[in-house]
Amino acid sequence: MLWVCWTANCNKEILGGEMMKVVNQSIPKVDGLGLVMGKPTYTEDIIPRNALVVKVLRSPHAFARIKSIDASEALKLPGVECVFTYKDVPKVPFTRAGQAYPEPSMYDKFILDEYVRHIGDDVAIVAAVDEVSAEKALKLIKVEYEVFEPVLDFEKAEGHKSVIHSGDKIECKVDVGLEADKNIAAKVDIAMGDVDKVLDDCEVVIRRRYYTQATHQTMLESFRSAAYIDERGRLVIIDSTQIPFHVRRFLARAFQIPANKIRVIKPRIGGGFGAKQTANSEFYTALVTLKTGKPSRIIYSTEEVFEAGSPRHAMRFDVTIGADRNGRIRAIDLEGLSDTGAYGEHAYSVFLQAGMKSLNLYNKVEAARFKGKVVYTNHTPSGAFRGYGATQGIYAVESAVNELAHELNISPIDIRKMNMIRQGEAAIKFNFNGIKNTAPTEIVESCALDYCIDRGKELIGWDEKYPRKVIDKNRVRGIGMAIGRQGSGIANVDMGSATINLCDDGSFTLLVGATDLGTGSDTILSQICAEGLGVSFDKINIISSDTDITPFDGGAYASSTTYVTGNAVKKAAEKMRRLIEEEGARNLGTDVDKVEFDGKFIKVKGYDKAISLEELAIKLMYSQKQLVASDSYVCHKSPPPYMAGFAEVEVDLETGKVDVINFAAVLDVGTVINPNLARTQAEGGIVQGIGMALFEDVKIDSRGKMITNNLMNYKIPTRKDIGNIIVEFAESYEPTGPFGAKSIGEVVVNTCSPAIQDAIYNAAGIRVRDLPMTPEKILRELKSKTR
Amino acid sequence: MKAIVNINNQDRELIFEPHEYLLDVLRRYGFLSVRRGCDTTSCSVCTILVDGKPVHSCSYLAARAEGHKITTVEGVEEEARKIAKLLMDEGVDQCGYCSPGFVMTLIGLKNENENPSDEEILDYFMGNLCRCSGYVGQLTAIKKYLGVK
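Residue numbers (my numbering), protein chains in the order written: chain U, 1 to 787; chain S, 788 to 936.
Honestly, the hints are just simulated from the structure, not real lab data. Errors might be hidden in some of the hints.
Stated by the list, open to error - Below, simulated BS3-like cross-link-like pairs (lysine-lysine); rule was C-alpha separation at most 30 Å, straight line: (1) S/K897 x U/K39; (2) S/K897 x U/K720; (3) U/K136 x S/K930; (4) U/K777 x U/K657; (5) U/K21 x S/K872; (6) U/K600 x S/K872; (7) S/K840 x U/K39; (8) S/K931 x U/K720; (9) S/K897 x U/K785; (10) U/K715 x S/K840; (11) U/K575 x S/K897; (12) S/K869 x U/K21; (13) U/K720 x S/K840; (14) S/K789 x U/K720; (15) U/K720 x S/K869; (16) U/K457 x S/K936; (17) S/K897 x U/K715; (18) U/K182 x U/K87; (19) S/K840 x U/K625; (20) U/K715 x S/K789; (21) S/K936 x U/K720; (22) U/K465 x S/K897; (23) U/K715 x U/K657; (24) S/K789 x U/K39; (25) S/K872 x U/K39; (26) U/K67 x S/K789; (27) S/K930 x U/K720.
These numbers were taken from a predicted model, which means no experiment stands behind them.
Model the full structure from these sequences, guided by the hints.
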């Protein structure tokens, strides 16, 4: 069943002078019906017949060397096809971080290694004809370990006597300050102005320390992939991934085979939130299938997803803010420490964003600095998670700005309005490692933060509720706020592309490498395509994420798809439109500048002469030519979406429990391509943000074993934990965006923790600076306050 | 072992191991809407109906199914289509992985309580985890389906 352009909320709006017909409409997701009806479209549903079951033997030690490994008993077991250890695989270091080449992540991972660096690290790979035999085989592999003292406290990792990676075996293609022998994966030092000098001169200086915890993406479909050799002897991977093109490159490097011998297909996937921006299971299925020639598949257990996944980097921040007594912020100094865990995937870039994105909320400062280190530990390696460092950095800076407001007795709203970035202003230009930044100054061309704050203030009822309301003897409510931002793609790095074919019935096939992980990007890109062509939505048939068929795209990360790939789609659509007019003119026997395409007919201007697109399409196809338009887009800037978030919480003074009563969010994401899908992104992100603020926490025991390795122990919000969520969008237009759009996927998670923290403070007069703000911590603070 | 199980109004002879859960057996027999989301009965992704009531198929032994009526999304196409349309109208279908479990839970709620309050809906659906949608639009869709205010 096909839904032809759905029309509720279809008020045509004029944005940036352009009349939108398909963009800015809540068109239902193109794959929605099939997904809800349970059609077999996920990796596990389309595994090749007789695929070998692949299982991974995982390390029980946080840090050890494999002294001996003996798989002979396992291999004797009927049904066991093969067992591979580090002795059987190529010794080429690589990174699994889904980033453009050359990656600013360490090449510190091997398919299998003699050393294991976290509990859950891979020791051996088993393939068997069924689940039971594979499980049995795992138990029969005999491993002797030389166990080392693990590094389990990231604040003690630098210079620890246990060195996690040997410097002569690993490298980084980009100089990010790797000092493996000191357990330092990366260093950041960016500055504008003389921070120390300005701070010395400030009337008011506050210094605060904040901690953010590791949290887990918790997508409901675990990591999984299947592999087979196709009829031409090429390796095909069916992969639940956000980064099919990067996976192809990683596999080519790890196995030292040409990338053109590999095809990666992303079917529908059950969420990712950044977890699947790091490759994971693909190496195992690729290895088994390459070695045996037989199809294989792997499906991670929940325990494996947690212990061998890629949680959010835990960080520590020391924030120093200098201001005058009126609240004008003159300098911000942010010093950080980040825990990358056992491998350096996304180590540098996540950390860099923690500073870049947070400090740039306050561009009027005379000086700003962000410096710090990312260290290796024997924790599960960290990775990408919605917000990608900005979440952590904004938590620290926004919490400190709230504290400064209290210190100066200024409203948190007034202090933002006095200091925050505004439309038309220049972003902070940072010098990197003391080297002068000569890049052109970046001007923020769209920023509706002012409106977001004013509207959010109304939605939450700020004037009536600030700062607190006593409900009864034990319960008190408070409100708090924060602002946040993200980017839209990575400037001068991210590239997306699109190809459009005209079909013989006058419809179009849109091919994109972009990766829809449930967000609806297939739908949004189809909307942009239809708008660019000037045709109705039902004329677009999108095919995405197959490295053999679709043009290159980095993948679903860095809030890039709508902005970067969207721009590529728009450019390709405009090209196709010109081709249609050219061919229409030729078939009508006139010049191209004398015709126009109205979405259905190519008409000769001022005359009653026209050819329908259908007629033209069929004529072209059967006797003339295939119309193909292709284009790509590299973003030269990364326009930030902005958000103001307002929390109203209720604190139970007896138990320390905090409930979010209301969370109001007003967002500036430029033109909203699909209002319903955008609202859902916001609501989903805010719920994840509430989880991070109040209870989500990856906990490790004294041996380095993850305690929260399943959904019983790792708590994500249920529908009873979230209160009332209110989302609105500001009117905004980004001139460089496709039809004025910026990104939405990540900004939504960034204001919850600081806004909730200040709401708790306003309610109960206590401040918990290490996340999550659990009842235990709240109660402890309440008790020490009354003591 | 063998058992005759009524799946979507059709008696079928199933062959399985005594330790197997209905989730894995149903998938093996081609009911691919039934999916695993966790290993601890925490997420409700695998929800099916047993005699009209929602059950976690990941922890329901296949051997128990004999003599019961099992329903999956494949057996309630018309209702699932209605629910799908409502979820899509709210834009909360998202990754879709948890949707079949959601659909079965909603049909289960309708069987048990045709006129629930918001609080009763939230209680009934508390175990249905969704990491994409933020739940807000799902509540709207549930209420529209049940025709409650």
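Status of the hints after comparison with the structure:
1. The suggested pairing of S/K897 with U/K39 holds, with an alpha-carbon distance near 23 Å, which does not exceed 30 Å.
2. Distance hint between S/K897 and U/K720 is fulfilled; the C-alpha atoms sit about 20 Å from each other, no more than 30 Å.
3. About 48 Å separates the Cα atoms of U/K136 and S/K930, which puts this hinted pair outside 30 Å; it is violated.
4. For a cut-off of 30 Å, the pair hint linking U/K777 to U/K657 stands: about 10 Å separates their Cα positions.
5. Proposed proximity of U/K21 and S/K872 is supported: the alpha carbons are some 22 Å apart, at most 30 Å.
6. Annotation: proposed proximity of U/K600 to S/K872 holds, straight-line Cα distance about 28 Å (limit 30 Å).
7. With a C-alpha separation of about 22 Å, the suggested pair S/K840 and U/K39 falls inside the 30 Å cut-off, and the hint holds.
8. Pair hint S/K931 plus U/K720 holds up; C-alpha atoms about 19 Å apart against a cutoff of 30 Å.
9. For a cut-off of 30 Å, the pair hint linking S/K897 to U/K785 is broken: about 49 Å separates their Cα positions.
10. Only pairs whose Cα atoms come within 30 Å are accepted, and U/K715 paired with S/K840 is accepted, the gap being roughly 26 Å.
11. Note on U/K575 and S/K897: the hinted pairing is violated, with a Cα-Cα distance of about 51 Å set against a maximum of 30 Å.
12. A hinted pair counts as satisfied when its Cα atoms are at most 30 Å apart, and S/K869 with U/K21 qualifies at roughly 27 Å.
13. A hinted pair counts as satisfied when its Cα atoms are at most 30 Å apart, and U/K720 with S/K840 qualifies at roughly 22 Å.
14. Under the criterion of a C-alpha separation no larger than 30 Å, the hint pairing S/K789 with U/K720 is inconsistent with the structure, at around 41 Å.
15. Among the hinted pairs, U/K720 with S/K869 is consistent with the structure: their alpha-carbon atoms are about 25 Å apart, no more than 30 Å.
16. For a cut-off of 30 Å, the pair hint linking U/K457 to S/K936 stands: about 28 Å separates their Cα positions.
17. Pair hint S/K897 plus U/K715 holds up; C-alpha atoms about 28 Å apart against a cutoff of 30 Å.
18. Proposed proximity of U/K182 and U/K87 is supported: the alpha carbons are some 28 Å apart, at most 30 Å.
19. Simply put, S/K840 and U/K625 have alpha-carbon atoms about 58 Å apart, too far for the 30 Å limit, and the pair is violated.
20. Pair hint U/K715 plus S/K789 does not hold up; C-alpha atoms about 39 Å apart against a cutoff of 30 Å.
21. Under the criterion of a C-alpha separation no larger than 30 Å, the hint pairing S/K936 with U/K720 is consistent with the structure, at around 19 Å.
22. Simply put, U/K465 and S/K897 have alpha-carbon atoms about 39 Å apart, too far for the 30 Å limit, and the pair is violated.
23. For the hint linking U/K715 to U/K657, the alpha-carbon distance of about 15 Å falls within 30 Å, and the restraint holds.
24. Restraint check: the Cα-Cα separation between S/K789 and U/K39 comes to about 27 Å, which is no more than 30 Å; the hinted pair holds.
25. Distance restraint check for S/K872 and U/K39: the Cα-Cα separation of roughly 15 Å lies within the 30 Å cut-off, and the hinted pair is therefore satisfied.
26. At roughly 47 Å between alpha-carbon atoms, U/K67 and S/K789 are farther apart than 30 Å, so this suggested pair is violated.
27. Simply put, S/K930 and U/K720 have alpha-carbon atoms about 16 Å apart, close enough for the 30 Å limit, and the pair holds.
Figure legend: structure checked against the earlier numbered hints; hints not met, in rising order: 3, 9, 11, 14, 19, 20, 22, 26.
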